[in-house]
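One line per chain: the protein sequences are A and B, in this order.
Take the first sequence: its position 150, counted from the start at 1, is 1212 in our numbering, and no numbers get skipped.
Take the second sequence: its position 124, counted from the start at 1, is 144 in our numbering, and no numbers get skipped.
Calculated directly from the structure, the hints in this document are not laboratory data.
A portion of the hints provided could be inaccurate.
Said to hold, decoys possible - Which bits of chain A does chain B cover? Going by a derived footprint, with three or more residues having C-beta under 8 Å, they are: (1) 1159 to 1165; (2) 1188 to 1196; (3) 1223 to 1230; (4) 1266 to 1277.
Note that beta-carbon positions come from the ideal geometry of N, C-alpha and C, so glycine has one too.
Chain residues, written in single-letter form:
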Amino acid sequence: MKSLIKTFSPQGDAMGPTLSDHPKEVPLAVHDLTVAYHRKPVLWDVDLDIPDGKLVGIVGPNGAGKSTLLKACLDLIPRTSGEVAIYGHPYKEQRHLVGYVPQRESVDWDFPVSALDVVAMGTYRKLGWFKRVGKQQKERALNALDQVGIAHLANRQISQLSGGQQQRVFLARALAQDAQLYFMDEPFAAVDAATEQAIVELLQTLNKQGKTCLVIHHDLATVARYFDWTVLLNMRVVAAGPTSDIFTPDNLEKTYGGQLNVLNQAVQALQEITK
Amino acid sequence: MSLSEVIQTLTLQNYNTRLVVLSTTALGIAAGLVGSFLLLRKRSLMGDALSHATLPGIALAFGILTSLGLDGKSLPALLTGATISGVAGVLLMLAIQRTTRLRDDVAMGLVLSVFFGLGISLLTSVQNLPGASAAGLESFIYGKSASMVKGDFLLIITVAMVIVVAAAILFKEFTLLCFDDAFAGSQGWPTLLLDILLLGLVTAVTVIGLQAVGLILIIAFLIIPPTAARFWTNRLSRMLLLSAVLGALSGWFGATLSALLPKLPAGAVIVLVAAALFITSMLFAPARGILPRHLRHRKLRQKVHRQHVLRAAYEILEADAKDEQSDAANFHVANHPLSIEAVLRKRTWSPEQLRRTLRAEKALGHLELLPDRKILLSEAGFGEAARVTRNHRLWEAYLVTHADVAPSHVDRDADMVEHVLEADLVRELERVLRTNQSWIPIPPSPHELSAKQ
Chain A
1063 MKSLIKTFSP QGDAMGPTLS DHPKEVPLAV HDLTVAYHRK PVLWDVDLDI PDGKLVGIVG
1123 PNGAGKSTLL KACLDLIPRT SGEVAIYGHP YKEQRHLVGY VPQRESVDWD FPVSALDVVA
1183 MGTYRKLGWF KRVGKQQKER ALNALDQVGI AHLANRQISQ LSGGQQQRVF LARALAQDAQ
1243 LYFMDEPFAA VDAATEQAIV ELLQTLNKQG KTCLVIHHDL ATVARYFDWT VLLNMRVVAA
1303 GPTSDIFTPD NLEKTYGGQL NVLNQAVQAL QEITK
Chain B
21 MSLSEVIQTL TLQNYNTRLV VLSTTALGIA AGLVGSFLLL RKRSLMGDAL SHATLPGIAL
81 AFGILTSLGL DGKSLPALLT GATISGVAGV LLMLAIQRTT RLRDDVAMGL VLSVFFGLGI
141 SLLTSVQNLP GASAAGLESF IYGKSASMVK GDFLLIITVA MVIVVAAAIL FKEFTLLCFD
201 DAFAGSQGWP TLLLDILLLG LVTAVTVIGL QAVGLILIIA FLIIPPTAAR FWTNRLSRML
261 LLSAVLGALS GWFGATLSAL LPKLPAGAVI VLVAAALFIT SMLFAPARGI LPRHLRHRKL
321 RQKVHRQHVL RAAYEILEAD AKDEQSDAAN FHVANHPLSI EAVLRKRTWS PEQLRRTLRA
381 EKALGHLELL PDRKILLSEA GFGEAARVTR NHRLWEAYLV THADVAPSHV DRDADMVEHV
441 LEADLVRELE RVLRTNQSWI PIPPSPHELS AKQ
C-alpha cells in the first residue's frame, strides 16, 4: 500500500517515486528493489526505511530473499531494479560506515589462518592496497576478539574453533570494521547457548553506542526479545516497524502462510513468458 | 653414462643441464606460490583448462610466422600465441559460467577438450605448410627441456621473478579473496580484478612452463606442491614458503634426474618427484599427516583404556569399602589387592585387551601384578585412579544437571569426554557444580554401579 500511495503523491515525478521520497539520513533506505536470479525474482519491489539506532530483525521463511536483500544492499549481487541508500548516499561512497557478517557456512573453515588473521581482515579496507597488517591492526583485531569474549583463542587455527567460536570470529571481524551500520546474516544459526547470550549482549552494547544492526533471524520465539524493530520478509516486505506493532499472528500468517498464492502465480506466469 | 658424467650432471657443470635445472627450479618456486592461492580459491582445475587452451595459440603462432617466412620456432612468439589462446580459453570458461546455468566443472571440461582438440588439428595442419619444419612443436605437449637455450632461460627466470614479486605484493589481497570473496566485495575490493590477476599469474606460470614441463603436466606443478605443503602447517605464510620450496625441489631433482636418464622427458620426472614429496608429506607431516594423526588417535585410545582400568579398580575398592564400613555416607576408600576377574567383569573388554592395558599400567608404575591373578594399585596409581573417577563423576553430574541427560544414559556419554578434560575445564565443572558441596571430593555415581555380565 505504501508504494501505491507514493505513486500518486505529488513528490513523485512522471516515472513514479524515487529514493528522494524516502527520509534522508536514515541508515538504510531501500526503494523499489527487485532482484532476480536466472530470471526468477527473489525480491520483489522492496521498500524499506530502517530508523537510526535500532536493533532490527529480518524474519521470513527459507527462500524469502533475506540474504539476497543484504547482499543487494551491499552491491554483492546485481539489482534488477531499485535503489539503495546508506545514510543518504550510495553504498559505494559509504563503505566505511558498514560492517558485514556473512553466513558462517559461506567460507571454508579449514583455511590455513588463525582467528586473529580473520578478524584483522576487518581492517583491510582502511589499510588499502599492498600494505601489510601491522601492530595497530593486530591490536584492533585483538580488541574486537576481546569484545566477543574469545581473545584467548586469537592464535588458534580457525578449524580448531567450535561453531559458536567461529561465529564470534565473524562478529569480531565486523567489529574491527568499526562501522555505524551492521549487516548480520544469521549470526544465531547453530550456535551454543553461551554464544547466543554473548551475541545478544554484543547487540545491546552496539545499540547503546547508537549503532544500527540488521540481523537475519530464524527463531521466531526470540524475535520480540532481541529486536525492537522487525522486518517480515517473503519476497516482498510483508510488514516493517516496531516489533510490538507488527509482530502479530496475522502478519506472521501472511509471511509464512499460504497467502502468497497470487504473487506466486504471477511469478510463474512471468517465468513462462520469459522462458 | 660414466660416473664422471653423472657427477658432472649432478653438480650442474654441464652448461645445458645448468640452464634446464635452474629454469625448472625457478618455475617450481613460481608455481608453488601461485598454485597455493589457486588451490585455496578452489580453482585448481581451472589451471588445467588454461594450459590445454594454450595449444591452438602455439600452432597458430607457428603457422602465421611460417607463412610470413619468419622463424616459426621463435619462443617468445610461440609463448605469446600460447598466452593469447590460454586467456581466451579462460574468458570463454568464465562467460559460460556466468551466462548459462552449466556447472563450473562442465565449463572447464568443455574448454579443456575443445581447445586441446582444436590445437591438435591446427598443429597437424601447420606442419603441412610449405617451408615448415614443425618437428619439435609437439614438445610443448609433453615438455622437452633439453632444447633450451640461454634466451629461453633468461625469459623463464625473469617471468618467474615477476610472478614471485607479484604474489608477495598481493599476499593480503589474495588471502582475503580466497577466504571470503563476499566479505572482500562488501569492503569494496574488486574481486573480479583480483581473480583476473590471479589467473594472469597462473597463465604466466603455465606459459613459461610449457617448454620444460609441457601443457599436460604443468597442472601437477600448480597442484601438488601446495597440497603437500598444506599437510605441514596451518599457517598460510608458511604454507606458501613450503610450497615454493617443494616446487623448487621437484624442479631441481626432476630436471637433474631427467638429464641422467635422457629418454625420460623432464616434465614426467618432475611430476613423479613432486608426487614422491606429496606422498611423504601426506604420510609423515606432523601437523596433518596420516601417520602422526593415527598415532595420536592410538595414544588417546590407549590412554582411555588405561583410565578405564583405573576407574574400574577404584570403583571395586569403593564398593568394598562401602560394604565393610557401616557409615554409608562417609566411608573411606582403602587400597588393597583385587582380582583381575573382578576388573574384567566391570566392562566389556576382552581378557587379552585387559592384559595388555594392565601391562602398560604396570610399566607406568601405577600397579603391581601379584600372583593368583591379582593386582595392587601403587600409591601413584591409586591417586590417579581417584582423579580419573572424580573427573568421570564430575562430568556425569554436569551432564545430568546442566545438559538434561537421563542418569541411566550418562555413563556412556561421560566415558568419552572425561579422558580429554583439561585441568581448567575440570575447575570450571567444579565451579558449576559447587552448589552441591558433597560432590566435590568424589561425587557419588548418579547411577547404579554394576559389574558387566
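Tested hints:
1. Chain B is given as covering the segment 1159 to 1165 of chain A, and this holds because 3 residues of the stretch bring a CB closer than 8 Å to a CB of that chain, at least three being needed.
2. Counting residues of the segment 1188 to 1196 of chain A whose C-beta sits closer than 8 Å to any C-beta of chain B gives 6, which meets the bar of three, so the coverage hint holds.
3. Judged by the Cβ-Cβ criterion of 8 Å, the segment 1223 to 1230 of chain A is not covered by chain B as claimed, because only 0 of its residues qualify and three are needed.
4. Chain B is given as covering the segment 1266 to 1277 of chain A, and this is violated because 0 residues of the stretch bring a CB closer than 8 Å to a CB of that chain, at least three being needed.
The structure is inconsistent with the numbered hints 3 and 4, although it conforms to all the rest.
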